[in-house]
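Peer 1: Sequence:
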Amino acid sequence: MKSKKNIYILLPVVLIVWGIIGYKLFSAINPSTGLQTTPTNLVDFKPETIENEATYTLNLNYRDPFLGKNSAAKKQSTVRKSSSNHPKILIPFPPIVLNGIIEPKVRSRKTMYLVSINNKQHFLSVGQTVDGVTLTKGNSKAITVRFQKQQKEIPLQQ
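Per this note's numbering, residue 28 is the first one in the sequence shown, and the count goes up by one each step.
Not one of these hints is a red herring.
With a Cα cut of at most 25 Å, we get these calculated DSS-like pairs of lysine-lysine:
hint	residue 1	residue 2
1	Lys147	Lys176
2	Lys147	Lys164
3	Lys179	Lys137
4	Lys147	Lys179
5	Lys137	Lys147
6	Lys164	Lys179
7	Lys168	Lys179
8	Lys164	Lys132
9	Lys137	Lys164
10	Lys168	Lys132
11	Lys147	Lys168
If you're looking for bench data, these hints aren't it; they were derived computationally from the structure.
With the hints as constraints, model all of the structure from the sequences given.
Peer 2: Shown next, in the form of structure tokens:
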């Protein structure tokens, strides 16, 4: 009778101990996702400004130990001859007319301009080049085009 009494007392104690061990193993293998940590200390980063920065230069005018000569070779100044003998051929600015503007509803798209160059109509956006004519700037009233290093502003035709 005494042995059954010990079994009834020790069995729940053993089950509780093994339950605690099992719970710790299970919680270590599967951490709970319900707890989310948020950073509590948010500090703005302000870099320090360096007022006086020391600059150094290297003196590379020393003797080469293998050749026995100074490594700094004397630089010879070269004179470039200008090619003023060739006359530059200037092509006149082609006839350019701004016929219309297509502004997109979405800001991420580029504005298109309907431009007539040499009586041929082209859709251009800023930066595009057709027949040597580059569209550099544009707004709702006029565009600026570049042709052979010359810029010209073209107003919108009504």
